[in-house]
Amino acid sequence: MSVPPLLQITDLSITYRTRRATVEAVRGIDLSVARGQVTALVGESGSGKSSAAQAAIGLLPENGRITGGSIALTGQDGSREELVSLPEHAWRGLRGTRIGLIPQDPTSSLDPVRTIGASVAEPLRIHGWHDRERITARVHELLDRVGLDDPALRARQYPHELSGGMRQRVLIAAALALDPDLLIADEPTSALDVTVQATVLDLIDELRDSTGAGVLLITHDLAVAADRADQLVVMRGGRIEESGPGAAVLAAPTAEYTRTLLDDAPSLRQGVDRRPRRPEPGQAPLVRVRELRQEFPRPGSAPFVAVDGICFDIAPGTTHALVGESGSGKTTTGRAIAGFRRPTAGSIEVDRTEVTALGGGRALRDFRSTVQLVHQNPFGSLDPRQSIAAILEEPLRNTRRGSRSQRRSAALHHLELVSLPPEVASRRPRELSGGQRQRVAIARALILQPELVVLDEAVSALDVTVQAQILRLLARLQDELGLTYLLISHDLAVVRQVADTVSVLRRGRPVEAGPVERVLEGPHHEYTQALLAAIPGAGRQADQLHPEAVPAS
Amino acid sequence: MSILSHTAGARPSTGQRAERVRRPALRPTVALSALVLLLALAWALAPGLFTGYSPTASSTEALQSPSAAHWFGTDATGRDVFARVVHGASHSITAALIAVAVGLVVGTTIGAIAGTVGGAVEETLMRGVDVLLAIPGLLLSLSVVILLGFGTTNAAIAVGITSIATFARLSRSRVIAVRQSEYVEAAFGSGGTLPSILWRHILPNSAAPVTALAALQLGSAILQISTLGFLGYGAPPPTPEWGLLIAEGRDYVATAWWLTLLPGLVVAAVVLSTNRLSTALGKGEQA
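Protein chains in written order, with this note's numbering: chain A, 1 to 553; chain B, 1001 to 1287.
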């Protein structure tokens, strides 16, 4: 290649100094980003991918240090600039103008007390724009360019008035403000719904086309990278496992780890070995939901209807999935079934108990043994002050089951059931990883031997690899214990892996329901089709079905 | 953030330790504060070990300036001021502990009940607290002392009452925050009853900032009790209470500076130490 790439990282090493030890986060990686192309950096958390990106924009934390290698940025005129050990004032001239950053979390990356317009205008002001009218015009142009309707109105609004996807668009607009050559997108969509994720990624793609900027996309989901990347770099433990042109790596991965990532990406492969279950004919359903309606009172206006007209049955031993975007009422439905909120109208019958008629107190507490809920966020659902053993024993103490030693042995047995070593029992939640915590949360739900487990986005907060492990665990437990699951998810790829029947919800109303194969293979409703199209890697999967579509290179 | 989780992910054990790199207990100012408080506590428990003079009987000539024999000098009736400060520690510190205990127990109870029960109960309790908060602290404690009668214990209770509102508001806000957490919901979901969850989850997880406030209040309680003593609402003379000591020395400021300055410095040192320890406690919890 005669033209040097826009960003060239050679043999880069980064270490973190902590009090006890030095951690090598990145150990000699090479990668490059070409103008107008996307290089995707893929790996699980702890692989060093974010450190590499932070080094490329000079924002390593204070205890992080580049110990070797070079990062070179080539300008449009062909001038080459070495970024390692660049002084801070020189960095300030580069950030925003030549390198733009799209941060990970749109909910916390915007200043809540400043208007959208002020946030987008900030890079302009920092880099010496003074003319107020020119700034306003540029802000409106940028907001328009990232696909926000009515830019003048949006510029006057505050972050809380915008949805997550819209906020991410605002952050992209701010990153684009000064037409940087290089965009670094650090997990730009991990906090978003799949449908929103697809549109945001499309936007980044489209902007790359129109501005000719290079993009360094960092993600833990190989499927996200699969659709967009010209170059694919797979990282693990600070080293590069595999790199090359995106299509070639996906078509014929050489590294073992890349194959694992491919298998774990729910949208690319069937990673969970699971026998679909059919209800025996004539068998009474375990759960019957009829005409469920939930209103939330709003001061000063008509009550907000979160859920209306939901009906479905779940046969014992099967998995039913509730699918929809955020705000579709799926969590509200799940919580009503678990007995956490009494619905406004309708009937819920679980194991011949009418849940809506349970008054509370004794009857409700007894019912808890039948239905258990697993929360989305394993970081919030475990009491930070309790040991894992105490967390697992608590449901038994609450229901006065067993003696102290019986409870202890039940806790250890359930740790084993979710494939955790017994020494975890004496640890605290903060000493465990996200996946381990979610296993503990599942063990806590199972210790009361419930009939039905409501999984409220139980795998959404996890990395794909961990997600696949948890899904396999759930499938195994269903086999062994004959459990019935109600799976709440926004991700149809996950649903396809583990569910037997599915209800698709939109704005609180059911749009489509039935067996998974029928709904997902031949969806009738356009909303279901939109959800399916938004699955990352959807296009790639079609390619795999037709191998000749994969370019030979 | 992403970097922290990053290193933690790579090597969980080292990441774990990294979070505790700045242990507040190891800082020199914190150690010094702890030393000052321990000394004050030792004075309160065993004053005889630190001074041979009696705090109430005059031992020598009046109004002598500080010397090797009388570290803090002597007062108008020839009593050793250092002995009076050392013996006064027990009065001032006991009173401060009573004051904090009153505020902590009553305030936290009100706050915890308001935060857990909610509804009309919460409204009633918190509006009552607002009323307490609306009255200036000194005025409130003076009124309470007048109702209860003079004396160290009564002054302590009066000071405690002024801090009820702060404790109630803080503990209520913590309880509300913890109540909404998912682990509390999970505890309800596994069949827990309100009292057991309150005891097992809500109170332990709300306690940290309340403890820090209690340490902070200890300092300001000493200050307020000294104020009441200075104004003559506390212990009657010749009790060697710190505020009273300073008040008695006031008449001799021009000729015998040590009578006000040295006990004043002791009070200031103790109050500053509790402040420093309280911030260390608060920070330690955040890390």
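Simulated from the structure, these hints should not be mistaken for lab results.
A couple of the hints might just be wrong.
[Stated by the list, open to error] Label-pair restraints from in silico Cβ distances: (1) A/133 to B/1272: 33 to 43 Å; (2) B/1127 to A/479: 50 to 60 Å; (3) A/476 to B/1032: 52 to 62 Å; (4) A/428 to B/1106: 27 to 37 Å; (5) A/526 to B/1279: 20 to 30 Å; (6) B/1136 to A/107: 54 to 64 Å; (7) A/107 to B/1050: 55 to 65 Å; (8) A/524 to B/1196: 21 to 31 Å; (9) B/1032 to A/295: 40 to 50 Å.
[What the hints assert, rightly or not] In silico contact screen, one side only, chain B against chain A (beta carbon under 8 Å); selected entries: (10) 1064; (11) 1067; (12) 1181; (13) 1182; (14) 1185; (15) 1187; (16) 1189; (17) 1190; (18) 1195; (19) 1199; (20) 1204; (21) 1205.
[As the list claims (entries may be wrong)] Just a sample of chain A residues kept apart from chain B, beta carbon distances all over 12 Å, derived: (22) 114; (23) 118; (24) 157; (25) 390; (26) 399; (27) 478.
Beta carbons are placed, not taken as given, at the ideal position from N, Cα and C, and that holds for glycine.
Here is what the structure says about each hint:
Against the hinted window of 33 to 43 Å, the Cβ-Cβ separation of residue 133 of chain A and residue 1272 of chain B comes to about 54 Å, which falls outside the hint. A hinted range of 50 to 60 Å holds for the C-beta pair residue 1127 of chain B and residue 479 of chain A, which are about 57 Å apart. The hinted range of 52 to 62 Å is satisfied by residue 476 of chain A and residue 1032 of chain B, whose Cβ atoms lie roughly 58 Å apart. A hinted range of 27 to 37 Å holds for the C-beta pair residue 428 of chain A and residue 1106 of chain B, which are about 32 Å apart.
Between residue 526 of chain A and residue 1279 of chain B the Cβ separation comes to about 58 Å, which falls outside the hinted range of 20 to 30 Å. At about 42 Å, the beta-carbon gap between residue 1136 of chain B and residue 107 of chain A misses the expected band of 54 to 64 Å. At roughly 58 Å, the beta-carbon separation of residue 107 of chain A and residue 1050 of chain B lies within the given 55 to 65 Å, and the hint holds. At roughly 49 Å, the beta-carbon separation of residue 524 of chain A and residue 1196 of chain B lies outside the given 21 to 31 Å, and the hint is violated.
A C-beta distance of roughly 60 Å is found between residue 1032 of chain B and residue 295 of chain A, which places it outside the suggested range of 40 to 50 Å. This hint is violated: residue 1064 of chain B has a C-beta 53 Å from the nearest C-beta of chain A, more than the 8 Å allowed. Restraint check, residue 1067 of chain B versus chain A: the minimum CB separation of about 49 Å is more than 8 Å; hint violated. Checking residue 1181 of chain B against chain A: minimum C-beta separation of about 6 Å stays under 8 Å; hint holds.
The restraint placing residue 1182 of chain B at the interface with chain A holds, with a minimum CB-CB distance near 4 Å, inside the 8 Å limit. Of the supplied interface hints, the one on residue 1185 of chain B holds, with its beta-carbon coming within about 7 Å of a beta-carbon of chain A, less than 8 Å. Interface hint at residue 1187 of chain B: satisfied, since its Cβ lies 7 Å from the closest Cβ of chain A, which is below the 8 Å cut-off. Among the interface hints, the one on residue 1189 of chain B holds; its C-beta lies about 5 Å from the nearest C-beta in chain A, closer than the 8 Å criterion.
Satisfaction of the interface hint for residue 1190 of chain B is found here, the shortest Cβ-Cβ separation to chain A being roughly 3 Å, below the 8 Å cut-off. For residue 1195 of chain B, the suggested interface contact is broken, since its CB lies about 12 Å from the closest CB of chain A, more than 8 Å. The beta carbon of residue 1199 of chain B is not positioned within 8 Å of any beta carbon in chain A (closest approach about 12 Å), and the interface hint is therefore violated. At its closest, the beta carbon of residue 1204 of chain B sits 5 Å from a beta carbon of chain A; the interface hint therefore holds under the 8 Å criterion.
Hint status for residue 1205 of chain B: holds, given a least beta-carbon distance of 6 Å to chain A, under 8 Å. With a closest Cβ-Cβ approach of about 21 Å to chain B, residue 114 of chain A is found to remain outside the 12 Å limit, as its non-interface label requires. The Cβ of residue 118 of chain A lies farther than 12 Å from every Cβ of chain B, with a closest approach of about 24 Å, so its non-interface assignment holds. For residue 157 of chain A, the requirement that its beta carbon stay farther than 12 Å from each beta carbon of chain B is met, with the minimum near 26 Å.
For residue 390 of chain A, the condition that its CB be more than 12 Å from all CB atoms of chain B is violated, with the nearest at approximately 9 Å. Against chain B, the non-interface label of residue 399 of chain A is violated: not every CB pair exceeds 12 Å, the least being about 5 Å. With a least CB separation of 20 Å from chain B, residue 478 of chain A remains clear of the 12 Å interface cut-off, as annotated.
Hint compliance for this structure: hints 1, 5, 6, 8, 9, 10, 11, 18, 19, 25, 26 are broken, all remaining hints hold.
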